[in-house]
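Novice: These protein sequence lines are chains A and B, in that order.
When the first sequence is numbered by the working numbering, its final residue is 500 and no position is left out of the sequence of numbers.
When the second sequence is numbered by the working numbering, its final residue is 500 and no position is left out of the sequence of numbers.
Honestly, the hints are just simulated from the structure, not real lab data.
Note that CB positions come from ideal geometry on N, CA and C, so glycine has one too.
Residues from chain A that face chain B, not an exhaustive set, calculated with beta carbons under 8 Å:
(1) His23
(2) Leu27
(3) Leu28
(4) Pro37
(5) Lys38
(6) Gly39
(7) Glu43
(8) Thr46
(9) Ala47
(10) Leu51
(11) Leu54
(12) Asp226
(13) Gly228
(14) Lys244
(15) Met283
Chain by chain, the residues run as shown.
2 protein chains.
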Amino acid sequence: MVFHDETVKEILDRYKTIWSIGHALGLLSWDNETYMPKGGVEERSTARAELSVLARRLLLDERFVELVERALGKEGLNDYERGVARVLHRQIRIQKSVPEKLVFELVKTAGEATHVWREARKRGDFQLFKPYLAKIVELRRSYAEHLGYEDHPYDALLDLYEEDLRVKDVDSIFERIVPETRRILEKVVAGELFPSRHELEEVVYEREAMEKVNREVVTILGYPWDRGRLDVSPHPFTITIGLKDVRITTRYEGRDFRRTLFATIHEFGHALYNLQVDERLKMTPLASGASLGIHESQSRFWENIVGRSPSFIDVVKPVLDKHLGFTKKYEKEELYRYFNIVRPDYIRVEADELTYNLHIYLRYELEKLMIAGELSVDDLPEQWDNLMEELLGIRPRNPSEGVLQDIHWSSGSIGYFPTYTIGNLVAAQIRHHVESKLGPLSDLIVERRFEDLRGFLRETIHKWGSTFKPKDLLLRQLGEPLNPEYLVNYLNEKYLRETG
Amino acid sequence: MVFHDETVKEILDRYKTIWSIGHALGLLSWDNETYMPKGGVEERSTARAELSVLARRLLLDERFVELVERALGKEGLNDYERGVARVLHRQIRIQKSVPEKLVFELVKTAGEATHVWREARKRGDFQLFKPYLAKIVELRRSYAEHLGYEDHPYDALLDLYEEDLRVKDVDSIFERIVPETRRILEKVVAGELFPSRHELEEVVYEREAMEKVNREVVTILGYPWDRGRLDVSPHPFTITIGLKDVRITTRYEGRDFRRTLFATIHEFGHALYNLQVDERLKMTPLASGASLGIHESQSRFWENIVGRSPSFIDVVKPVLDKHLGFTKKYEKEELYRYFNIVRPDYIRVEADELTYNLHIYLRYELEKLMIAGELSVDDLPEQWDNLMEELLGIRPRNPSEGVLQDIHWSSGSIGYFPTYTIGNLVAAQIRHHVESKLGPLSDLIVERRFEDLRGFLRETIHKWGSTFKPKDLLLRQLGEPLNPEYLVNYLNEKYLRETG
Numbered sequence: 001m002v003f004h005d006e007t008v009k010e011i012l013d014r015y016k017t018i019w020s021i022g023h024a025l026g027l028l029s030w031d032n033e034t035y036m037p038k039g040g041v042e043e044r045s046t047a048r049a050e051l052s053v054l055a056r057r058l059l060l061d062e063r064f065v066e067l068v069e070r071a072l073g074k075e076g077l078n079d080y081e082r083g084v085a086r087v088l089h090r091q092i093r094i095q096k097s098v099p100e101k102l103v104f105e106l107v108k109t110a111g112e113a114t115h116v117w118r119e120a121r122k123r124g125d126f127q128l129f130k131p132y133l134a135k136i137v138e139l140r141r142s143y144a145e146h147l148g149y150e151d152h153p154y155d156a157l158l159d160l161y162e163e164d165l166r167v168k169d170v171d172s173i174f175e176r177i178v179p180e181t182r183r184i185l186e187k188v189v190a191g192e193l194f195p196s197r198h199e200l201e202e203v204v205y206e207r208e209a210m211e212k213v214n215r216e217v218v219t220i221l222g223y224p225w226d227r228g229r230l231d232v233s234p235h236p237f238t239i240t241i242g243l244k245d246v247r248i249t250t251r252y253e254g255r256d257f258r259r260t261l262f263a264t265i266h267e268f269g270h271a272l273y274n275l276q277v278d279e280r281l282k283m284t285p286l287a288s289g290a291s292l293g294i295h296e297s298q299s300r301f302w303e304n305i306v307g308r309s310p311s312f313i314d315v316v317k318p319v320l321d322k323h324l325g326f327t328k329k330y331e332k333e334e335l336y337r338y339f340n341i342v343r344p345d346y347i348r349v350e351a352d353e354l355t356y357n358l359h360i361y362l363r364y365e366l367e368k369l370m371i372a373g374e375l376s377v378d379d380l381p382e383q384w385d386n387l388m389e390e391l392l393g394i395r396p397r398n399p400s401e402g403v404l405q406d407i408h409w410s411s412g413s414i415g416y417f418p419t420y421t422i423g424n425l426v427a428a429q430i431r432h433h434v435e436s437k438l439g440p441l442s443d444l445i446v447e448r449r450f451e452d453l454r455g456f457l458r459e460t461i462h463k464w465g466s467t468f469k470p471k472d473l474l475l476r477q478l479g480e481p482l483n484p485e486y487l488v489n490y491l492n493e494k495y496l497r498e499t500g
Numbered sequence: 001m002v003f004h005d006e007t008v009k010e011i012l013d014r015y016k017t018i019w020s021i022g023h024a025l026g027l028l029s030w031d032n033e034t035y036m037p038k039g040g041v042e043e044r045s046t047a048r049a050e051l052s053v054l055a056r057r058l059l060l061d062e063r064f065v066e067l068v069e070r071a072l073g074k075e076g077l078n079d080y081e082r083g084v085a086r087v088l089h090r091q092i093r094i095q096k097s098v099p100e101k102l103v104f105e106l107v108k109t110a111g112e113a114t115h116v117w118r119e120a121r122k123r124g125d126f127q128l129f130k131p132y133l134a135k136i137v138e139l140r141r142s143y144a145e146h147l148g149y150e151d152h153p154y155d156a157l158l159d160l161y162e163e164d165l166r167v168k169d170v171d172s173i174f175e176r177i178v179p180e181t182r183r184i185l186e187k188v189v190a191g192e193l194f195p196s197r198h199e200l201e202e203v204v205y206e207r208e209a210m211e212k213v214n215r216e217v218v219t220i221l222g223y224p225w226d227r228g229r230l231d232v233s234p235h236p237f238t239i240t241i242g243l244k245d246v247r248i249t250t251r252y253e254g255r256d257f258r259r260t261l262f263a264t265i266h267e268f269g270h271a272l273y274n275l276q277v278d279e280r281l282k283m284t285p286l287a288s289g290a291s292l293g294i295h296e297s298q299s300r301f302w303e304n305i306v307g308r309s310p311s312f313i314d315v316v317k318p319v320l321d322k323h324l325g326f327t328k329k330y331e332k333e334e335l336y337r338y339f340n341i342v343r344p345d346y347i348r349v350e351a352d353e354l355t356y357n358l359h360i361y362l363r364y365e366l367e368k369l370m371i372a373g374e375l376s377v378d379d380l381p382e383q384w385d386n387l388m389e390e391l392l393g394i395r396p397r398n399p400s401e402g403v404l405q406d407i408h409w410s411s412g413s414i415g416y417f418p419t420y421t422i423g424n425l426v427a428a429q430i431r432h433h434v435e436s437k438l439g440p441l442s443d444l445i446v447e448r449r450f451e452d453l454r455g456f457l458r459e460t461i462h463k464w465g466s467t468f469k470p471k472d473l474l475l476r477q478l479g480e481p482l483n484p485e486y487l488v489n490y491l492n493e494k495y496l497r498e499t500g
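The task is simple: from the sequences and hints, build the whole structure.
Specialist: Okay, structure coming up:
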């Protein structure tokens, strides 16, 4: 056992009930997106809301809070025990800072706003969504005031999604990577180093055949079918129902097969993280990832750094040729080009590896201004379009491919987007450390040494669960803080074949 | 709204949390049997146990109990309001009578016993299972003492599954139907009125084709796919996740297609009950059936009285011919005979409509003796075999096809079996009332007036949920108490073409 302290043991014993509610909420949410008959919506929503309130109530139970405070002040705890106290203290602090009334108002507004947003996006009508967004910004500003911050109200929101992340950190990251990305992008576009379109984008596939491809590919990467599933949902996601039950989903659009392939590999990366958490942490508050950013680093690592590399074509081509057939006539180099189309485009979720962070930067800047009260939602669409033009040289033709494209704001998430870029940074940083330890990644991939790769990730990141804060995890396990140079180097190498 | 009383409204508001836990437990259990990867077992068991304890704790919450007691004593409540108070009072009474320690011990013993039973059944080794069964009988006797009874300790257990059902009722039912069934059975066997074997039992089917048959048949009967699903599980079941999400499962053994067909129709009958409960009762303690027996009457009605009738062949044959093909060469009369094989055999779940109640009677007699302390588990296998021989004229060749065949005892259920026979009785009784109201059932079926049939069942039984006790429901809605004569008449008519 890793837990010896009596106070921590009592905490964990009580926590099992909260964990069980989380376990149930996980399954309810998985079912919601996969198999639930549509008539079940209303009862399901009520059950989820009730169970969330119940979990909050148990977390804030007087005796439970007292035990957590006591553990927090204790000397001589080991890393895991300290982790338990830290994670729960943080959850309690957040829940306690925000009045229940505000929580409910945000949940309620977000529920309505998501419906309205869908309609607004369909119609391309920002005015419809505007009052809801204004309300959400106002509620989130109020959140920030309740949570507290030192420099910038947006800091309080960033911290909700990525512990300890601050505006000054994100600013300095983007200061480094935005100009660099734009420089690389200009060269790639000017020199046609990568295609901006590919005929395979239009090729239709059979869903059953493609499902076989996806299953075979994640099997090769090491997805354990006795502890997971691959299902279909409108938006791909990973859900951790338990450490031995981590499910992924994908979607099949019917053409442009790289989309479903890379969505599946992306989710595999998320799933592997939780599947490799130390089993002794099961049913504890440590049985998840260190943060959203670290989690995203795992999905991006497998999707982009492994999946979109030249050597991965060796692994995936036989699988494609076996099930899809139409890929046979394409050389490996051609598939590599198809997988790595570079095209400044409107939609974030379809963006390539190079332009992706520019989409995030745009949202980050606008969110920061809105939360600071320096940008009104009235002016948002124009600001969006202007910034888009400045960054990517294109101007949305309507709000649906501009300011209305993401679900995040309607669901109440402000401060979330930067974690995607953190993920890209950490993925590149991990790549460096993998290569220092195991040799060139291209060799590992060609030789299918995925077990070694999984082992490295397990020992370095996964097994710790959320024992350490994200910053501490990197310092302790990689020996250095978050560093954007690795991403800069990686992008230069990949897109310009220049070493940094 | 059907709920006006302030106390009842407060009860229902608080009950939403308990309902939500039940909703989650329903989905956890469905997932367990259908899609859960096998690695998830341990965490799932913990979550289910924790959530059950949590629901119990909320039910026994001081303020909640006080509200229920207050509602129970109130004058001027309507049927629904009284139903809420009655159902919750009963649940609280049961939970309060039995010490938590005893609940836990039974759950724990049953958990182990189910594993041991599976192994014992596989090996045909009763000795392996015996100590566990002895322990379960002892625990259930203790339950009976805690719950209290007037005449017979088994009464307390019967009441757990079928409110108000007593040994004297069940005795008088079997006194009427056992000799009558045996008389009919002897004539059927002697006169070869129905086949005892049929070549279609051996015919192999394609699972995909058979799934289409099952889906089409329940669609014809009126299963609403926007409020349900049909999946596959080792043992077919129905689960009510909400009034608008009632799922069924079936299984495919690969041959003898009537087994999966009738299992599916059986589950459809269960599902229809909950799907037709008055929507205004959603998320309340009334949002389920009146009792296990009444529930079983609905599944048996559709499976046997509708599904195994001569006229149903008109409905099902085109569907079979379309998807299975091999049925084309069989005349309707031949399919009818195949659906109605009569064969005294060892296994209850494979028993035909006629011999089924004899299997129940056997278990009932043995359970009653064990709970009264008049039969030791040492003597159980021999008593089983003797009684089997006496009732059905066959003697099991090993314990696996005798005393070890059912899961019920290992899971701690004693007193449950009689509800199956209650179901058969009520189904036949309902048939009589359907015909009085709507005309001959055979016409309804041939004319596919299933909407009328569903309407009758909805208005008579379903819509009330568990508003009334089972006895009161029959009295009020059919105008008479439970009466075995309807089953006797039905069996005489069907098997001997004699009207009673």
